[in-house]
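Novice: So you can see what is in the structure, the chains are spelled out below.
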Amino acid sequence: MRTISLVAAIGLAACGSGVHSPTLIPKPSDGYQALRINQQIDFPYEADWLPRKIERGTVLIGDRASGGALHYCGLGTSTFGPVQVCAVKRGQKFVFLGGILEYELRPSVPPGAVEETRFQ
Amino acid sequence: MRRTPPVLIALVSAMATAGCAPSAAIPEPPGGYPALRFTQTVRIANLPGNYMEFWAGSVLVGDRASATTGERLYCGQMAVRDWFGQEIRGACVAKRDRGFVLVSSDGIELLRPRDVPADDLKEITTARRQGLDVSGATTPPRE
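For the protein sequence lines, the chains are B and H, in the order given. Residue numbering for the first sequence follows the numbering used here, beginning at -9 and increasing consecutively. Residue numbering for the second sequence follows the numbering used here, beginning at 957 and increasing consecutively.
Any given hint might turn out to be false.
Claimed, not checked - Under the rule of at most 25 Å between Cα atoms (straight-line distance), these lysine-lysine pairs were calculated in the PhoX-like manner: (1) K83/B to K17/B; (2) K17/B to K1078/H; (3) K43/B to K83/B; (4) K1051/H to K1078/H; (5) K1078/H to K43/B; (6) K17/B to K79/B.
Unchecked claim - Now the in silico label distances, taken between C-beta atoms and shown as ranges: (7) N1002/H to G58/B: 44 to 50 Å; (8) R108/B to A981/H: 34 to 40 Å; (9) E94/B to A1023/H: 22 to 28 Å; (10) I982/H to S98/B: 27 to 33 Å; (11) E1065/H to S98/B: 44 to 50 Å; (12) R1052/H to F70/B: 30 to 36 Å; (13) E1079/H to S56/B: 16 to 22 Å; (14) A1074/H to R108/B: 16 to 22 Å; (15) K43/B to R999/H: 32 to 38 Å; (16) E1079/H to L14/B: 41 to 47 Å; (17) P1004/H to I15/B: 47 to 53 Å; (18) R46/B to I982/H: 26 to 32 Å; (19) E1079/H to G57/B: 35 to 41 Å.
What the hints assert, rightly or not - Residues from chain B that face chain H, not an exhaustive set, calculated with beta carbons under 7 Å: (20) P12; (21) T13; (22) K17; (23) D20; (24) Q23.
For the record, the hints were derived by calculation from the structure and aren't laboratory data. No experiment lies behind these values; they were computed from the predicted model shown. Cβ coordinates follow ideal geometry from the N, Cα and C atoms, glycine included.
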């Protein structure tokens, strides 16, 4: 019975993660859309495994999509060390997401901290 | 809230990182280390929802040599995603004719060689690993 439960749990987890697994997109001739972080962005603490900050100079590259939305991803820092962090555009704002379940982070983003650019 | 990754990914990545220990450091040449820079993300998938990923902009620095074969190894970071989460882990690769192969520092191939278009994996020269910008954002490596 325990084996069946374990297999079912793994199956459900796999199915769930598949929904959120971003698909890589081909690189456009003029490069990927990208976001340059011009000022460190700090995220409120939610969990050890979620990003705590993105350092200045980081580039989040829009090389993947999920649910029809372009995901700009790069490296952030969690309590444990480097971790992937992504952003998606909603309206005129960028929303930051952490973890494979794309938990929405709620940082205070200083004006000009996020600049749209291209990545070759 | 740590995750237990599937056996295959855990085994391969553990071999890739743990195996780096016996490698010999190469002194930095005057012009900097040779390095590999991904201009397009390369994803190595195995089970559904599970993959390893060298992301666009990441740089692997050729600052060590295999202790057994002497082959130059390019080491840096990769993302490992499984059903339960995603982590950034150390990784080493060796160059191959049409791409690269994930290796331990002994030069042991951990997976099949991966073909990559030349434009997606550029050979560059870069300064030392410490402080290296793996996103490709600041202090662009010299190409």
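Novice: With reference to the structure, classify each hint as holding or not holding.
Specialist: Hints, verified against the model:
1. For a cut-off of 25 Å, the pair hint linking K83/B to K17/B stands: about 24 Å separates their Cα positions.
2. Among the hinted pairs, K17/B with K1078/H is consistent with the structure: their alpha-carbon atoms are about 15 Å apart, no more than 25 Å.
3. For the given pair, K43/B sits about 18 Å from K83/B by alpha-carbon distance, which is consistent with the 25 Å threshold.
4. Of the supplied pair hints, the one linking K1051/H and K1078/H holds, its CA atoms being roughly 11 Å apart against a limit of 25 Å.
5. Proximity of K1078/H to K43/B is assessed by CA-CA distance (about 29 Å); at most 25 Å being required, the pair is judged violated.
6. For the hint pairing K17/B with K79/B, the CA-to-CA distance comes to about 19 Å; that is within 25 Å, so the pair holds.
7. N1002/H and G58/B have their C-beta atoms about 27 Å apart, which leaves the hinted 44 to 50 Å range violated.
8. Between R108/B and A981/H the beta carbons are some 36 Å apart, a value that agrees with the proposed interval 34 to 40 Å.
9. A C-beta distance of roughly 46 Å is found between E94/B and A1023/H, which places it outside the suggested range of 22 to 28 Å.
10. A C-beta distance of roughly 44 Å is found between I982/H and S98/B, which places it outside the suggested range of 27 to 33 Å.
11. A hinted range of 44 to 50 Å for the beta carbons of E1065/H and S98/B is consistent with their spacing of about 47 Å.
12. The hinted range of 30 to 36 Å is satisfied by R1052/H and F70/B, whose Cβ atoms lie roughly 32 Å apart.
13. Between E1079/H and S56/B the Cβ separation comes to about 32 Å, which falls outside the hinted range of 16 to 22 Å.
14. In this structure, A1074/H and R108/B meet the distance hint of 16 to 22 Å, their C-beta atoms being roughly 21 Å apart.
15. At about 26 Å, the CB distance of K43/B to R999/H disagrees with the hint of 32 to 38 Å.
16. Under the hint 41 to 47 Å, the C-beta atoms of E1079/H and L14/B, about 22 Å apart, miss the expected range.
17. With their beta carbons about 19 Å apart, P1004/H and I15/B fall outside the hinted range of 47 to 53 Å.
18. Distance hint check: the CB atoms of R46/B and I982/H are about 31 Å apart, consistent with the given range 26 to 32 Å.
19. Against the hinted window of 35 to 41 Å, the Cβ-Cβ separation of E1079/H and G57/B comes to about 36 Å, which satisfies the hint.
20. Annotation: P12/B was flagged as interfacial toward chain H, and the flag is violated, the nearest CB pair being 10 Å apart, outside 7 Å.
21. Taking 7 Å as the C-beta contact cut-off toward chain H, the hint placing T13/B at the interface is violated, the least distance being around 10 Å.
22. The interface hint given for K17/B is met, as the beta carbon of that residue sits about 5 Å from the closest beta carbon of chain H, less than 7 Å.
23. Evaluation of the D20/B hint against chain H yields a violated restraint, the C-beta minimum of about 13 Å exceeding 7 Å.
24. Contact between Q23/B and chain H, as hinted, is not supported at the beta carbon level, the nearest pair being about 12 Å apart and thus beyond 7 Å.
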